[in-house]
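Chain order of the listed sequences is C and V.
One gets the working numbering by counting positions in the first sequence from 1 and adding 61 to each.
One gets the working numbering by counting positions in the second sequence from 1 and adding 486 to each.
A few of these clues could be false.
Unchecked claim - Calculated cross-link-like contacts (lysine-lysine; reagent style DSBU-like; alpha-carbon spacing at most 30 Å):
(1) V:K590 x V:K578
(2) V:K698 x V:K676
(3) V:K597 x V:K554
(4) V:K677 x C:K97
(5) V:K676 x C:K97
(6) V:K690 x V:K677
Claimed, not checked - A few chain C residues that face chain V, going by a derived Cβ cut-off under 7 Å, partial list only:
(7) K75
(8) A77
(9) V80
(10) T106
Calculated directly from the structure, the hints in this document are not laboratory data.
Beta carbons are placed, not taken as given, at the ideal position from N, Cα and C, and that holds for glycine.
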Amino acid sequence: MTTPNQQLVDLDWKFAINVASSEPEANTGAARLYLKLTTMSNNGTNRTDIPLSVTLEQFYALVHQLEKAKLEMDVYA
Amino acid sequence: MPDHRSYQDPFYGWTTPKAISLCVQTLKECSALPFEVIQKMIALSETQILNEQTSTSMLDILWKIAKKYSISIDQVMLIFNGFVHVLRLALKPPAAFLKPDIFKDDLRDLKFSEQIIGEFHNILFGTKRDQLYLAIQERDRPRLPSLQTFDWNLDVTLTTASLSRCIEPLLLFQFRTSDNRNLTFEVSIKKFNELRYKTALILKEMEDVDGKQALKLLET
């Protein structure tokens, strides 16, 4: 699953609430998180930014997976 | 009433295009071809311009015609090509210029038979007239990708990784272009106001251009 030549270097985030939108379904008040993952290739040359935008549900699912991974790591560390 | 030839050039140009003269010649050679087939081929040339059928299926139809009436595919192609040429040349001048009688007279000069002239008249001035002109105008010229949808989202940033309690507006635009590119970007409030100003300026300039006499179409 991990690409062998890219390492996660930074994770920047921004938490925002939707106020208005051009979409017909009015989802004002919905919270959203904007993430920006910065990865660097192993030999230090290529820096890539991966911008993502996740809804709260997707973010909780992401946190759930990360916490599961952390628990497994703690067992073996 | 002076003859239209004195004030208007024929729609096909000053000399008979080679494609059309070959078409007429081949029609004479294949005089055994029944008129319904010719009618069918003229209708086919209309769909060719409107791009309604794929080229392979049209080629199949032409092959079937060639086999059924035992003429070579080259002759069928020459006739079909001539028909498409006539339609394209007829669609070139602006719609108001080419009146039906002038169109028919020009076709008579090209030595088409009266039945064929009637068919062409029905196609050019028939139900699909607007569609044909629209197809030529919109499609058959070099174009850059165009904007298909434009969505925006206005959020209020509450916290970031480096700042807590920063209540700031965040405007996101998403452009979807006709070549399937999805462009998402942020717009600062300053730039957004500049965009509003420039849009208003464009609208005003468009109205000014509309008013200029020199750009109005010449009506016959």
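Hinted pair K690 (chain V) and K677 (chain V), Cα distance within 30 Å: 20 Å, holds
Satisfaction of hint between K676 (chain V) and K698 (chain V), Cα-Cα up to 30 Å: 34 Å, violated
Chain V contact restraint for K75 (chain C) - C-beta distance below 7 Å: 5 Å, holds
Straight-line alpha-carbon gap K590 (chain V) to K578 (chain V), limit 30 Å: 16 Å, holds
Restraint check, 7 Å cut-off on beta carbons, for V80 (chain C) near chain V: Cβ of V80 (chain C) sits 5 Å from chain V, so the hint holds.
Proposed proximity, K97 (chain C) with K677 (chain V) (alpha carbon, max 30 Å): 23 Å, holds
Hinted contact A77 (chain C) with chain V - closest CB pair below 7 Å: Where the cut-off is 7 Å and the nearest Cβ of chain V is about 4 Å from A77 (chain C), the hint holds.
Interface hint outcome for T106 (chain C) [beta carbon to chain V under 7 Å]: 25 Å, violated
Straight-line alpha-carbon gap K676 (chain V) to K97 (chain C), limit 30 Å: 23 Å, holds
Hinted pair K597 (chain V) and K554 (chain V), Cα distance within 30 Å: 26 Å, holds
The structure fails to meet hints 2, 10 from the earlier list, while all remaining hints are met.
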